[in-house]
Amino acid sequence: MIDYLREIISGTWSLFVGLGITIRFFFQPVVTVQYPHQTLPMTPRFRGHIELVQDEETGETRCIVCGMCQKACPSNCITVNGEKREGVKGKVLTEYTLDFTRCSLCGLCVESCTPKAITFSKDYNLAGLSKEAYIFDLIAELSSLHAHTKLIPSGCKKCLEAKN
Amino acid sequence: MTVDPEIIRLLAFLVGVIAFAALNAAYLVWLERKEAAHIQLRIGPKEVGPFGLLQPLADGIKLMTKQLIIPAGVDPVLFRIAPILVMVPAIMSFVAIPFSDTLVARNLDLGLLVIFAFASVNVLGLLLGAWGSCNKYAVISAARVVSQNVAYEIPMLVTVVTLVMISGTMNLTGIVDLQMGGFWHWNIFNFSASPLMPVAFLIFFVCMLAETNRAPFDMAEAESELVAGAFTEYSGMGFGVFFMGEYANIVIGASVATILFLGGWDCPFGLFPGVHWFLVKMYFLIFTVIWIRWTYPRTTFYGLLNLSWKILIPISFVNLILTSAMLKVF
Numbered sequence: 647m648i649d650y651l652r653e654i655i656s657g658t659w660s661l662f663v664g665l666g667i668t669i670r671f672f673f674q675p676v677v678t679v680q681y682p683h684q685t686l687p688m689t690p691r692f693r694g695h696i697e698l699v700q701d702e703e704t705g706e707t708r709c710i711v712c713g714m715c716q717k718a719c720p721s722n723c724i725t726v727n728g729e730k731r732e733g734v735k736g737k738v739l740t741e742y743t744l745d746f747t748r749c750s751l752c753g754l755c756v757e758s759c760t761p762k763a764i765t766f767s768k769d770y771n772l773a774g775l776s777k778e779a780y781i782f783d784l785i786a787e788l789s790s791l792h793a794h795t796k797l798i799p800s801g802c803k804k805c806l807e808a809k810n
Numbered sequence: 003m004t005v006d007p008e009i010i011r012l013l014a015f016l017v018g019v020i021a022f023a024a025l026n027a028a029y030l031v032w033l034e035r036k037e038a039a040h041i042q043l044r045i046g047p048k049e050v051g052p053f054g055l056l057q058p059l060a061d062g063i064k065l066m067t068k069q070l071i072i073p074a075g076v077d078p079v080l081f082r083i084a085p086i087l088v089m090v091p092a093i094m095s096f097v098a099i100p101f102s103d104t105l106v107a108r109n110l111d112l113g114l115l116v117i118f119a120f121a122s123v124n125v126l127g128l129l130l131g132a133w134g135s136c137n138k139y140a141v142i143s144a145a146r147v148v149s150q151n152v153a154y155e156i157p158m159l160v161t162v163v164t165l166v167m168i169s170g171t172m173n174l175t176g177i178v179d180l181q182m183g184g185f186w187h188w189n190i191f192n193f194s195a196s197p198l199m200p201v202a203f204l205i206f207f208v209c210m211l212a213e214t215n216r217a218p219f220d221m222a223e224a225e226s227e228l229v230a231g232a233f234t235e236y237s238g239m240g241f242g243v244f245f246m247g248e249y250a251n252i253v254i255g256a257s258v259a260t261i262l263f264l265g266g267w268d269c270p271f272g273l274f275p276g277v278h279w280f281l282v283k284m285y286f287l288i289f290t291v292i293w294i295r296w297t298y299p300r301t302t303f304y305g306l307l308n309l310s311w312k313i314l315i316p317i318s319f320v321n322l323i324l325t326s327a328m329l330k331v332f
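The listed protein sequences correspond, in order, to chains A and B.
Here the numbering used here is used: the first sequence runs in plain steps of one and ends on residue 810.
Here the numbering used here is used: the second sequence runs in plain steps of one and ends on residue 332.
In short, the hints are calculated from the structure, not lab data.
Everything numeric in this text was worked out from a predicted model, so none of it was measured.
Check the hints yourself; a few may be wrong.
Stated by the list, open to error - Counterexamples of contact, computed for chain B against chain A with all Cβ distances above 12 Å:
1. 43
2. 76
3. 201
4. 230
5. 239
6. 289
7. 290
8. 312
9. 316
To be verified - Computed from the model, here is a short list of chain A residues facing chain B with C-beta under 8 Å:
10. 660
11. 664
12. 665
13. 671
14. 672
15. 674
16. 679
Built from N, CA and C at the ideal position, the CB exists for glycine as well.
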């Protein structure tokens, strides 16, 4: 009889303890990020698709068209082309295409790049309607980071601008 | 030609009661989703309107535009009539509930009896809907609903009998009038009638959860075991009406608990009694009902019946005997 009552009382008390825990959570601030409206800053080690690095002094690409990245790529998804121009030392980059449909994000191209002209982007909003949308023209993307925006939900233009 | 004012009053209350029930059903879904979200550190509905306040409207439109599928094998009459049988008694019960000393559709002398009579019909609606569906999950759910409601009706009614003995009336306005004048007069703290009154309130509250098939007693609709239980075969507004009936029943349960134990429209510290106090207490109880749902996991069926037959019924009888002894002695 005593055990019966003790079990009832301790059981009821445990129910109130449980309610106490949930009500504390109820008044805590929410932890979810409202994704299309808010985004978290990406970590520095995030590996997105590669992008060309803008040189701080010239504002141009640092690429010397050596073709090492193209050779290093195990999936053959990088196409680099350049030409000689009058009065310019070295080659000038005319085409840098990344076929992202085949890229495995291994990063061998970034490692092999001697002038550190390519790096991983922080772009993860990669939804598209066609396969062709994933053949990125990285030169166009470098000259205007907004060239890419048609693929990106409206809320994330901000994070691109922040990156810029 | 003059219109009888009684008829106008009747129509006004009819429209008011249906609007109140429907509005509550819609916005309690919103409250449930918001509260569940915040307990889980989420935000909940927020896109439709400010704070997601138009979400119930969007849900309603979605449910109404859905096709009403009536499966080939069902009992056509029972299948169609069951959602109405759940909704109508819930709305009928509102007739007897006094929201304040003047705001009551019909001040019945046997108001308490009327509410409990209609509350039992709710189970019949669920049973018929489940049986008419000819679905194995629905039938299992129906069997559970009936045994659960039989088990929990007993402690609930024994507790109510205790209160009727204290009050000496079944008129709900009369019961509240006896509790006027501050929270120490409320039945939940009426220690002169029985020292077990807070326990009686707990018993009533637990039984109310079980009667309205709310978690942790939602055996009728145990999604993880029975798909959706009695509602498995229902689609569109058929399902919607079942749901509105369920929320209307929660409102009824919270209202009755407020009237019986928490002094109805009485202010806790004796100032400005009125309908607002009734609504504050009622919505606090409803908040607690939702809070409980998002705290405890679903009980097993045996646990549920053991709780009723081995704990709630003996304690409610002890309370009944104690109260009658105290009433006789003092």
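Hints, one by one, checked against the model:
The beta carbon of residue 43 (chain B) is not kept farther than 12 Å from every beta carbon of chain A, the shortest such distance being approximately 5 Å. Annotated as non-interface, residue 76 (chain B) keeps its C-beta farther than 12 Å from every C-beta of chain A; the closest such distance is 39 Å. Under the 12 Å C-beta cut-off, the non-interface status given to residue 201 (chain B) relative to chain A is violated; the minimum distance is some 9 Å. With a closest Cβ-Cβ approach of about 25 Å to chain A, residue 230 (chain B) is found to remain outside the 12 Å limit, as its non-interface label requires.
No beta-carbon of chain A comes within 12 Å of the beta-carbon of residue 239 (chain B); the shortest separation is about 31 Å. At the 12 Å boundary, the C-beta of residue 289 (chain B) falls inside the reach of chain A, the nearest C-beta of that chain being 10 Å off. The claim that residue 290 (chain B) is not at the interface with chain A is violated, since a C-beta of that chain comes within 12 Å of its own (minimum 8 Å). Under the 12 Å C-beta cut-off, the non-interface status given to residue 312 (chain B) relative to chain A is violated; the minimum distance is some 8 Å.
Residue placement check: residue 316 (chain B) does not keep its beta carbon more than 12 Å from all beta carbons of chain A (closest about 9 Å). Interface restraint check for residue 660 (chain A): the shortest CB-CB distance to chain B comes to about 10 Å, outside 8 Å, so the restraint is violated. Given the 8 Å rule on beta carbons, the hint for residue 664 (chain A) holds: about 5 Å separates it from the nearest Cβ of chain B. At a threshold of 8 Å, the smallest CB-CB gap from residue 665 (chain A) to chain B is about 6 Å, leaving the interface hint in force.
For the restraint placing residue 671 (chain A) at the interface with chain B, the shortest Cβ-Cβ distance is roughly 5 Å, inside the 8 Å limit, so the hint holds. Interface restraint check for residue 672 (chain A): the shortest CB-CB distance to chain B comes to about 5 Å, inside 8 Å, so the restraint holds. Annotation: interface hint on residue 674 (chain A) holds; nearest CB of chain B at approximately 6 Å, less than 8 Å. Checking residue 679 (chain A) against chain B: minimum C-beta separation of about 10 Å lies over 8 Å; hint violated.
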